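Under the numbering used here, think of the first position of the sequence shown as 55, with each following residue one higher.
Derived by calculation from the structure, the hints in this document are not laboratory data.
Errors might be hidden in some of the hints.
The list that follows gives simulated cross-link-like pairs (lysine-lysine, DSSO-like), each with its CA atoms no further than 30 Å apart [said to hold, decoys possible]: (1) LYS312 x LYS186; (2) LYS186 x LYS87; (3) LYS87 x LYS251; (4) LYS241 x LYS312; (5) LYS251 x LYS241.
Okay, the calculated beta carbon distance ranges per label pair [claimed, not checked]: (6) ALA266 x ALA99: 23 to 31 Å; (7) ILE297 x SER343: 17 to 25 Å; (8) LYS87 x ALA113: 26 to 34 Å; (9) ALA234 x PRO347: 28 to 36 Å; (10) VAL237 x TYR155: 36 to 44 Å; (11) ILE297 x THR182: 33 to 41 Å; (12) LYS241 x THR182: 48 to 56 Å; (13) SER279 x PRO319: 37 to 45 Å; (14) ALA158 x HIS242: 37 to 45 Å; (15) TRP273 x GLU159: 28 to 36 Å; (16) PRO277 x GLY134: 26 to 34 Å; (17) GLY134 x VAL110: 34 to 42 Å; (18) PRO277 x ASP179: 53 to 61 Å; (19) GLY134 x ALA98: 35 to 43 Å.
On a predicted model such as this, the values are computed, not experimentally measured, just so you know.
Even for Gly, the Cβ is constructed at its ideal location relative to N, Cα and C.
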Amino acid sequence: MTSDPAPDATVTRRSRRSGKEPASPGRAGRDLKAAIGVGVLLAAAALGSLLLLREVFLALVVVIMAVGVWELARAMRGTGVRVPLPPVLIGGTAMIVVAYYKGAEAQLIALALTVVAVMVWRIADGVTGALKDVSAGAFTALYPCFLGSFVPLLLAAPDGHLRVIFFIVVTVFSDIGGYAVGVLFGKHPMAPSVSPKKSWEGFAGSVTTCAAIGAVAMWQFWPESVWWHGAVIGALSAGVATIGDFIESSIKRDLGIKDMSSLLPGHGGVMDRIDSLVMTAPLLWIALSYAVPIA
(Lines of atoms letter the chains of each structure in order from A and count residues from 1; the text may use other names and numbers.)
(Lines give C-alpha, C1' and ligand atoms only; values in the text may rest on other atoms or scores of the structure.)
Protein backbone atom coordinates (compact mmCIF):
# COMPACT_ATOMS: atom_id res chain seq x y z
CA MET A 1 0.00 0.00 0.00
CA THR A 2 3.03 2.25 0.26
CA SER A 3 6.05 2.59 -1.96
CA ASP A 4 9.42 1.26 -0.94
CA PRO A 5 11.41 3.68 1.20
CA ALA A 6 13.87 5.95 -0.52
CA PRO A 7 17.50 6.00 0.65
CA ASP A 8 16.89 8.85 3.09
CA ALA A 9 14.15 6.87 4.83
CA THR A 10 15.85 3.51 5.04
CA VAL A 11 16.90 1.96 8.28
CA THR A 12 20.59 2.19 9.03
CA ARG A 13 21.26 -1.19 10.56
CA ARG A 14 24.55 -0.18 12.07
CA SER A 15 22.93 2.78 13.81
CA ARG A 16 20.10 0.58 15.11
CA ARG A 17 22.57 -1.92 16.57
CA SER A 18 24.66 0.76 18.23
CA GLY A 19 21.75 2.96 19.28
CA LYS A 20 23.38 5.93 17.59
CA GLU A 21 21.84 8.26 15.07
CA PRO A 22 23.26 8.28 11.55
CA ALA A 23 25.87 10.94 11.01
CA SER A 24 24.23 14.27 10.40
CA PRO A 25 25.55 17.78 9.91
CA GLY A 26 22.83 19.02 12.25
CA ARG A 27 20.78 22.15 11.77
CA ALA A 28 23.81 24.36 11.48
CA GLY A 29 25.14 22.13 8.70
CA ARG A 30 22.05 22.41 6.51
CA ASP A 31 21.80 24.65 3.43
CA LEU A 32 20.73 27.84 5.20
CA LYS A 33 19.79 29.70 2.01
CA ALA A 34 17.59 26.82 0.86
CA ALA A 35 16.04 26.53 4.31
CA ILE A 36 15.20 30.25 4.39
CA GLY A 37 13.84 30.17 0.85
CA VAL A 38 11.61 27.18 1.52
CA GLY A 39 10.49 28.71 4.82
CA VAL A 40 9.48 31.95 3.09
CA LEU A 41 7.55 30.04 0.42
CA LEU A 42 5.73 27.96 3.02
CA ALA A 43 4.85 31.07 5.03
CA ALA A 44 3.60 32.84 1.90
CA ALA A 45 1.46 29.84 0.94
CA ALA A 46 -0.04 29.61 4.42
CA LEU A 47 -0.68 33.34 4.80
CA GLY A 48 -1.90 33.78 1.24
CA SER A 49 -4.39 30.91 1.44
CA LEU A 50 -5.52 32.03 4.89
CA LEU A 51 -6.27 35.57 3.73
CA LEU A 52 -7.71 34.48 0.37
CA LEU A 53 -10.30 31.97 1.55
CA ARG A 54 -10.44 29.83 4.67
CA GLU A 55 -11.40 26.76 2.69
CA VAL A 56 -8.22 27.12 0.63
CA PHE A 57 -6.15 27.12 3.82
CA LEU A 58 -8.13 24.10 5.02
CA ALA A 59 -7.24 22.27 1.80
CA LEU A 60 -3.58 23.17 2.38
CA VAL A 61 -3.79 21.62 5.86
CA VAL A 62 -5.23 18.43 4.33
CA VAL A 63 -2.39 18.24 1.80
CA ILE A 64 0.27 18.80 4.46
CA MET A 65 -1.31 16.14 6.67
CA ALA A 66 -1.46 13.65 3.80
CA VAL A 67 2.21 14.18 2.92
CA GLY A 68 3.17 13.82 6.58
CA VAL A 69 1.25 10.54 6.84
CA TRP A 70 2.94 9.25 3.68
CA GLU A 71 6.39 10.17 5.02
CA LEU A 72 5.75 8.50 8.35
CA ALA A 73 4.31 5.35 6.75
CA ARG A 74 7.21 5.12 4.30
CA ALA A 75 9.76 5.47 7.08
CA MET A 76 8.04 2.78 9.17
CA ARG A 77 7.97 0.43 6.20
CA GLY A 78 11.76 0.31 6.41
CA THR A 79 11.34 -1.59 9.69
CA GLY A 80 8.79 -4.03 8.26
CA VAL A 81 5.74 -2.17 9.59
CA ARG A 82 2.97 -1.41 7.10
CA VAL A 83 0.64 1.42 8.01
CA PRO A 84 -2.86 0.89 6.53
CA LEU A 85 -2.74 4.07 4.46
CA PRO A 86 -6.27 4.28 2.96
CA PRO A 87 -8.19 4.41 6.27
CA VAL A 88 -5.59 6.70 7.86
CA LEU A 89 -5.65 9.17 4.95
CA ILE A 90 -9.44 9.15 4.67
CA GLY A 91 -9.87 9.39 8.43
CA GLY A 92 -7.24 12.11 8.75
CA THR A 93 -8.99 14.18 6.10
CA ALA A 94 -12.31 13.62 7.87
CA MET A 95 -10.85 14.81 11.19
CA ILE A 96 -9.69 18.07 9.62
CA VAL A 97 -12.94 18.73 7.77
CA VAL A 98 -15.33 17.89 10.62
CA ALA A 99 -13.20 19.79 13.13
CA TYR A 100 -13.70 22.94 11.06
CA TYR A 101 -17.37 22.50 10.25
CA LYS A 102 -18.69 20.56 13.27
CA GLY A 103 -16.29 21.17 16.17
CA ALA A 104 -14.28 19.21 18.72
CA GLU A 105 -16.88 16.53 19.46
CA ALA A 106 -17.09 15.50 15.81
CA GLN A 107 -13.29 15.57 15.65
CA LEU A 108 -13.07 12.99 18.46
CA ILE A 109 -15.69 10.79 16.82
CA ALA A 110 -13.72 10.91 13.56
CA LEU A 111 -10.58 9.81 15.41
CA ALA A 112 -12.38 6.86 17.01
CA LEU A 113 -13.90 5.77 13.69
CA THR A 114 -10.51 6.06 12.00
CA VAL A 115 -8.88 3.74 14.54
CA VAL A 116 -11.71 1.22 14.09
CA ALA A 117 -11.33 1.44 10.31
CA VAL A 118 -7.58 0.86 10.62
CA MET A 119 -8.19 -2.31 12.65
CA VAL A 120 -10.83 -3.69 10.28
CA TRP A 121 -8.80 -2.85 7.16
CA ARG A 122 -5.61 -4.46 8.43
CA ILE A 123 -7.15 -7.58 9.99
CA ALA A 124 -9.08 -8.21 6.77
CA ASP A 125 -5.68 -8.50 5.08
CA GLY A 126 -4.52 -11.27 7.46
CA VAL A 127 -3.51 -11.56 11.10
CA THR A 128 0.25 -12.01 10.68
CA GLY A 129 1.92 -8.83 11.93
CA ALA A 130 -1.47 -7.19 12.36
CA LEU A 131 -0.86 -5.95 15.90
CA LYS A 132 2.20 -3.88 15.04
CA ASP A 133 0.60 -2.59 11.83
CA VAL A 134 -2.60 -1.58 13.62
CA SER A 135 -0.57 0.08 16.38
CA ALA A 136 1.42 2.02 13.79
CA GLY A 137 -1.78 2.99 12.00
CA ALA A 138 -3.40 4.21 15.22
CA PHE A 139 -0.26 6.18 16.07
CA THR A 140 -0.26 7.78 12.62
CA ALA A 141 -3.95 8.65 12.98
CA LEU A 142 -3.11 10.42 16.22
CA TYR A 143 0.13 12.01 15.03
CA PRO A 144 -0.04 13.99 12.81
CA CYS A 145 -3.75 13.67 11.87
CA PHE A 146 -5.61 14.22 15.14
CA LEU A 147 -3.14 16.70 16.60
CA GLY A 148 -3.04 18.58 13.31
CA SER A 149 -6.84 18.78 13.22
CA PHE A 150 -6.71 21.30 16.06
CA VAL A 151 -5.60 23.85 13.46
CA PRO A 152 -9.06 23.92 11.80
CA LEU A 153 -10.56 24.24 15.28
CA LEU A 154 -8.55 27.44 15.63
CA LEU A 155 -9.63 28.53 12.17
CA ALA A 156 -13.33 27.94 12.84
CA ALA A 157 -13.60 30.90 15.26
CA PRO A 158 -14.89 34.23 13.87
CA ASP A 159 -11.37 35.62 14.28
CA GLY A 160 -9.88 32.29 13.25
CA HIS A 161 -7.39 33.80 10.81
CA LEU A 162 -5.81 35.75 13.68
CA ARG A 163 -5.72 32.68 15.92
CA VAL A 164 -4.00 30.63 13.23
CA ILE A 165 -1.47 33.40 12.53
CA PHE A 166 -0.78 33.69 16.28
CA PHE A 167 -0.28 29.92 16.48
CA ILE A 168 2.08 29.77 13.49
CA VAL A 169 4.14 32.83 14.41
CA VAL A 170 4.65 31.82 18.04
CA THR A 171 5.61 28.25 17.13
CA VAL A 172 7.94 29.21 14.28
CA PHE A 173 9.73 31.75 16.45
CA SER A 174 10.38 28.99 18.96
CA ASP A 175 12.61 27.38 16.34
CA ILE A 176 14.16 30.69 15.29
CA GLY A 177 14.95 31.85 18.83
CA GLY A 178 16.23 28.45 19.88
CA TYR A 179 18.40 28.09 16.79
CA ALA A 180 19.96 31.56 17.05
CA VAL A 181 20.73 31.39 20.76
CA GLY A 182 21.78 27.74 20.56
CA VAL A 183 24.27 28.37 17.77
CA LEU A 184 25.77 31.39 19.52
CA PHE A 185 25.74 30.29 23.15
CA GLY A 186 24.70 26.62 23.34
CA LYS A 187 27.00 24.57 25.57
CA HIS A 188 24.81 22.38 27.76
CA PRO A 189 22.80 19.72 25.87
CA MET A 190 19.26 19.04 27.06
CA ALA A 191 19.00 15.41 25.95
CA PRO A 192 22.19 14.31 24.20
CA SER A 193 20.95 10.76 23.64
CA VAL A 194 17.90 12.03 21.73
CA SER A 195 18.86 15.35 20.14
CA PRO A 196 22.52 16.23 20.80
CA LYS A 197 22.33 19.71 19.27
CA LYS A 198 19.52 21.00 21.49
CA SER A 199 20.94 22.98 24.39
CA TRP A 200 19.49 24.52 27.52
CA GLU A 201 20.72 27.89 26.28
CA GLY A 202 18.81 27.40 23.04
CA PHE A 203 15.71 26.40 24.98
CA ALA A 204 15.98 29.58 27.04
CA GLY A 205 16.19 31.49 23.77
CA SER A 206 13.03 29.75 22.54
CA VAL A 207 11.09 30.56 25.70
CA THR A 208 12.21 34.19 25.78
CA THR A 209 11.53 34.75 22.08
CA CYS A 210 8.12 33.07 22.19
CA ALA A 211 7.09 34.98 25.30
CA ALA A 212 7.99 38.29 23.65
CA ILE A 213 6.32 37.42 20.35
CA GLY A 214 3.24 36.10 22.15
CA ALA A 215 2.86 39.27 24.21
CA VAL A 216 3.21 41.55 21.18
CA ALA A 217 0.87 39.45 19.03
CA MET A 218 -1.76 39.30 21.78
CA TRP A 219 -1.64 43.09 22.16
CA GLN A 220 -1.82 43.69 18.40
CA PHE A 221 -4.47 41.13 17.49
CA TRP A 222 -6.74 41.51 20.53
CA PRO A 223 -6.14 44.95 22.13
CA GLU A 224 -8.88 44.33 24.70
CA SER A 225 -7.14 41.20 26.00
CA VAL A 226 -4.47 40.90 28.72
CA TRP A 227 -1.12 41.17 26.95
CA TRP A 228 0.82 39.07 29.44
CA HIS A 229 -1.49 36.15 28.71
CA GLY A 230 0.22 36.12 25.33
CA ALA A 231 3.62 35.95 27.02
CA VAL A 232 2.53 32.96 29.12
CA ILE A 233 1.04 31.20 26.10
CA GLY A 234 4.23 31.88 24.15
CA ALA A 235 6.45 30.46 26.88
CA LEU A 236 4.28 27.34 27.19
CA SER A 237 4.32 26.95 23.41
CA ALA A 238 8.12 26.96 23.42
CA GLY A 239 8.11 24.11 25.92
CA VAL A 240 5.57 22.06 23.99
CA ALA A 241 7.32 22.77 20.67
CA THR A 242 10.56 21.48 22.15
CA ILE A 243 8.78 18.32 23.29
CA GLY A 244 7.51 17.94 19.73
CA ASP A 245 11.07 18.20 18.42
CA PHE A 246 12.21 15.54 20.87
CA ILE A 247 9.36 13.22 19.90
CA GLU A 248 10.22 13.55 16.22
CA SER A 249 13.92 13.00 16.97
CA SER A 250 13.06 9.89 19.01
CA ILE A 251 10.96 8.49 16.17
CA LYS A 252 13.72 9.07 13.63
CA ARG A 253 16.35 7.64 15.96
CA ASP A 254 14.23 4.51 16.47
CA LEU A 255 13.76 4.18 12.70
CA GLY A 256 17.44 4.85 12.05
CA ILE A 257 16.91 7.80 9.70
CA LYS A 258 18.11 11.39 9.60
CA ASP A 259 15.09 13.04 7.95
CA MET A 260 11.59 11.84 7.15
CA SER A 261 12.21 12.69 3.49
CA SER A 262 14.02 15.22 1.32
CA LEU A 263 10.98 17.02 -0.05
CA LEU A 264 11.88 20.38 1.51
CA PRO A 265 15.46 21.51 0.78
CA GLY A 266 17.17 22.68 3.95
CA HIS A 267 14.42 21.24 6.15
CA GLY A 268 14.18 17.54 5.29
CA GLY A 269 10.62 16.32 5.11
CA VAL A 270 7.24 17.85 5.86
CA MET A 271 7.13 16.06 9.22
CA ASP A 272 10.54 17.52 10.07
CA ARG A 273 9.01 20.96 9.57
CA ILE A 274 5.63 20.51 11.29
CA ASP A 275 6.65 18.38 14.28
CA SER A 276 6.45 21.30 16.69
CA LEU A 277 3.35 22.75 15.01
CA VAL A 278 1.23 19.62 15.47
CA MET A 279 2.20 19.53 19.14
CA THR A 280 1.44 23.18 19.88
CA ALA A 281 -1.88 23.27 17.99
CA PRO A 282 -3.93 21.66 20.82
CA LEU A 283 -2.26 23.91 23.42
CA LEU A 284 -2.95 27.07 21.41
CA TRP A 285 -6.57 26.11 20.81
CA ILE A 286 -7.18 25.54 24.52
CA ALA A 287 -5.14 28.54 25.69
CA LEU A 288 -6.65 31.03 23.25
CA SER A 289 -10.15 29.76 24.07
CA TYR A 290 -9.56 31.00 27.62
CA ALA A 291 -7.41 34.05 26.91
CA VAL A 292 -9.59 35.33 24.06
CA PRO A 293 -13.07 33.83 24.58
CA ILE A 294 -15.23 33.48 21.49
CA ALA A 295 -18.21 35.79 21.79
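What hints, given by number in increasing order, does this structure fail?
-> 2, 16
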